[in-house]
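Listed here are the chains, written in short residue letters.
Number of protein chains: 2
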Amino acid sequence: MEIIKEKSELKKIINGSILSPLGYKAGGVHAGLRYTKKDLGIILSEVPASCAAVYTKNIFNAAPLQVTKNSISIEKKLQAIIVNSACANACTGKRGLEDAYEMRSSTSKAFGISEHLVAVASTGVIGEFLDMQKIKQGINLLNPVAETCGAADFETAILTTDTVTKNTAYSTYIDGVKVTAGGAAKGSGMIHPNMATMLGFVTTDANISSDALQSALSMVTNQTFNQITVDGDTSTNDMVIVMANGQAGNKVLDENHPEWQKFIELLKLTSEELAKQIARDGEGATRLIEVNVSGCRTNEDAQMAAKTIVGSNLVKTAVFGADGNWGRVIAAMGRSGITFNPEDVTICFGETVVLNHSEPVSFSEETVTDYLKKDSVVINVLLEEGKGAGTAWGCDLTYDYVKINGSYRS
Amino acid sequence: MEIIKEKSELKKIINGSILSPLGYKAGGVHAGLRYTKKDLGIILSEVPASCAAVYTKNIFNAAPLQVTKNSISIEKKLQAIIVNSACANACTGKRGLEDAYEMRSSTSKAFGISEHLVAVASTGVIGEFLDMQKIKQGINLLNPVAETCGAADFETAILTTDTVTKNTAYSTYIDGVKVTAGGAAKGSGMIHPNMATMLGFVTTDANISSDALQSALSMVTNQTFNQITVDGDTSTNDMVIVMANGQAGNKVLDENHPEWQKFIELLKLTSEELAKQIARDGEGATRLIEVNVSGCRTNEDAQMAAKTIVGSNLVKTAVFGADGNWGRVIAAMGRSGITFNPEDVTICFGETVVLNHSEPVSFSEETVTDYLKKDSVVINVLLEEGKGAGTAWGCDLTYDYVKINGSYRS
Chain A
1 MEIIKEKSEL
11 KKIINGSILS
21 PLGYKAGGVH
31 AGLRYTKKDL
41 GIILSEVPAS
51 CAAVYTKNIF
61 NAAPLQVTKN
71 SISIEKKLQA
81 IIVNSACANA
91 CTGKRGLEDA
101 YEMRSSTSKA
111 FGISEHLVAV
121 ASTGVIGEFL
131 DMQKIKQGIN
141 LLNPVAETCG
151 AADFETAILT
161 TDTVTKNTAY
171 STYIDGVKVT
181 AGGAAKGSGM
191 IHPNMATMLG
201 FVTTDANISS
211 DALQSALSMV
221 TNQTFNQITV
231 DGDTSTNDMV
241 IVMANGQAGN
251 KVLDENHPEW
261 QKFIELLKLT
271 SEELAKQIAR
281 DGEGATRLIE
291 VNVSGCRTNE
301 DAQMAAKTIV
311 GSNLVKTAVF
321 GADGNWGRVI
331 AAMGRSGITF
341 NPEDVTICFG
351 ETVVLNHSEP
361 VSFSEETVTD
371 YLKKDSVVIN
381 VLLEEGKGAG
391 TAWGCDLTYD
401 YVKINGSYRS
Chain B
1 MEIIKEKSEL
11 KKIINGSILS
21 PLGYKAGGVH
31 AGLRYTKKDL
41 GIILSEVPAS
51 CAAVYTKNIF
61 NAAPLQVTKN
71 SISIEKKLQA
81 IIVNSACANA
91 CTGKRGLEDA
101 YEMRSSTSKA
111 FGISEHLVAV
121 ASTGVIGEFL
131 DMQKIKQGIN
141 LLNPVAETCG
151 AADFETAILT
161 TDTVTKNTAY
171 STYIDGVKVT
181 AGGAAKGSGM
191 IHPNMATMLG
201 FVTTDANISS
211 DALQSALSMV
221 TNQTFNQITV
231 DGDTSTNDMV
241 IVMANGQAGN
251 KVLDENHPEW
261 QKFIELLKLT
271 SEELAKQIAR
281 DGEGATRLIE
291 VNVSGCRTNE
301 DAQMAAKTIV
311 GSNLVKTAVF
321 GADGNWGRVI
331 AAMGRSGITF
341 NPEDVTICFG
351 ETVVLNHSEP
361 VSFSEETVTD
371 YLKKDSVVIN
381 VLLEEGKGAG
391 TAWGCDLTYD
401 YVKINGSYRS
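If you read the sequences in order, they're chains A and B. Here the working numbering is used: the first residue of the first sequence is 1, the next is one more, and so on. Here the working numbering is used: the first residue of the second sequence is 1, the next is one more, and so on.
The shape of chain A in the complex, shown without the other chains (with noise of 0.2 angstroms):
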């Protein structure tokens, strides 16, 4: 990360967050959905905002999902997004989706904004109704502010089985202006490519087209986002929204604009870091776990790789256990789907070559297991196809994931 700083300027911001770009507001109040955490937030952008979304490709779309589409279709401009947790408000039918697009009026009212410039979010239980008494009067409280405090609120409110809060801002210099990306994200089980259940907030005070964002933002996903795996269940609610209120006053980006290739890295860094945030905080994880795949016929080919190899369970318990037995990351790497020749396959946990060509080496297993212990865990695999690469992130799979999901609703 430190090579692609210098190379495109791009300059971390200390404890930057989703009000680090200008002209943002942000809020999170207890509305009373949960017994006493903060359960509904807001962003709020200074004027209507450029924007773009990616949402699950689980066939089940919750209706928050199809409200934020509705608001999307009409003007591809937000101003605001509501997200209340504890209740995904998934599989509830005509009634969910009416209650969505109340949330929605609700919201519009509250702060004098069209109601097609509000997207909606949920996450929590499926299957259950929001209690819009709860909803309606908890938009009533919510106060958004442009201190960091306000950021600090919005990311707790949006928070399930998270641990800890999301958050993360660069930003960089294009047309000669400072231009910034912040984020918050949500997301801890049920977490696996195609928007998981995961939410993903990115702020940015680019001047930028939605189209161009939007192209900006699928790509983006795809390395990132849609890299992280934490169980394999994706889920009916997820999605990753970007607003872009232009108030930075760069030159309009698109393709075309020879600083084009600086924005993409920084909206690439904030959304892989809020990836790495979640993947880190994946439901009882204890480690990070990041897996490169180098030397495939393509990237895809590495992607599709490295995430069969973080996502395996078999992986994830080793790395659990600080074992490190490199058969489990062979064996999920021979059921990819990727060609490669079996015979020229090398592995590394850490700096220490396990497998070298396909041939078992003779490692220090005190050393691997010391590294395996560690709250940061990479695990390199080279193959002789070509000059494709990826990385996907994970975690380790412990007695307290299945802690978790053996009483969530409980």
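Some hints here could point you the wrong way.
Which copy is meant is left open, so a pair is good if it fits within one copy or across any two.
[Claimed, not checked] Under the rule of at most 20 angstroms between Cα atoms (straight-line distance), these lysine to any residue pairs were calculated in the SDA-like manner: (1) K57 to E343; (2) K94 to H357; (3) K178 to G249; (4) K374 to G406; (5) K276 to I13; (6) K94 to P360.
Think of the hints as simulated: they come from the structure by calculation, not from any bench. As the structure is a prediction and not an experimental result, all values here were calculated from the model.
The hints should help you fit chain B onto chain A, whose structure is shown.
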């Protein structure tokens, strides 16, 4: 199963095993690959038998699979299957392949049968070499017998983290003579469609050509062994082998035989029973989960949906926690890749309808929780797309799964 039995005159044999069909012997010994447990077993047919096999689809094929494929390719006959546990002899390069061939030749010598009539199978840790000294001594210790204890010794010798032996046998009448099929299997972790770390051995005294047997096995495997999952990981070693030695004396079976379907059912019931025993004994499992999906466009769709649901970590932990969280069932189905109308899905836990045509139903949580605490749990899903139906089997995900796999090698 009761219905099928009556319809087809299939009969389950009490205490049935691989020795229930005529003309087989079996045995198992402690060769010293493990501390005290038996770790080397053999099945022997009195005469060279027709055979069929299916192998892992993992791109890594362990050495014993390559040797078995070689044996079968020569004459499409087998007379012996030699199996060791503790070491998978996978990813062991040239030396591993030589070892597997030596295991075959030692068996050939010890029992006076041609090398190409011997199949070799291994299961255990990947990436370690076989101790050939112990393997060869063990082969000479083997003393296969036709009595029940021979089957029991074999069944024990092939286990790894399994907690129980797996066996079954069924019989029927074809051409007026009694035809029997029996089976043994192992498999507890790395269990997923396409021959996970699973070994299945079926003996039958049916008179059938190897080609017809192969076509029967391939068909049956897709509905049985390939429809179980423990942890989504497929292995490098797994295979199912059937030997048919013709001792029953029926007319040669093939697709044109008027009682062909009876033989298919015999093979299917035997395979299904072994597959379910494997799923029930999944690492750390406390419950067998059966998922039936019907009303799909095709049987393949139904099988795929059933397999996705039963393989979902969140469904598995919900069953472990006896939590009637149908949202996880629907989320898994929604990502299964099949096409269906999400507005018309009905889900039942046992007899209790929890989702009716995609509308949540008020149900007794207590009834469902009590049901989910049973040894065997059935989840039924009904769509309205067509007549396709399919079943898959798995188990719950528990603390013990994490425990076993966080420390398997040590």
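Now for the hints, and whether the structure bears them out:
1. K57 to E343: For K57 and E343, only the inter-copy Cα distance (16 angstroms) is at most 20 angstroms; the intra-copy one is 36 angstroms.
2. K94 to H357: between (57 angstroms within a copy, 12 angstroms between copies)
3. K178 to G249: Within. Shortest intra-copy distance 9 angstroms satisfies the 20 angstroms Cα cut-off; inter-copy 86 angstroms does not.
4. K374 to G406: between (27 angstroms within a copy, 15 angstroms between copies)
5. K276 to I13: Answer is within: at 17 angstroms inside a copy they meet the 20 angstroms cutoff, but 55 angstroms across does not.
6. K94 to P360: Only across copies: K94 and P360 sit 11 angstroms apart there, 58 angstroms inside one copy, limit 20 angstroms.
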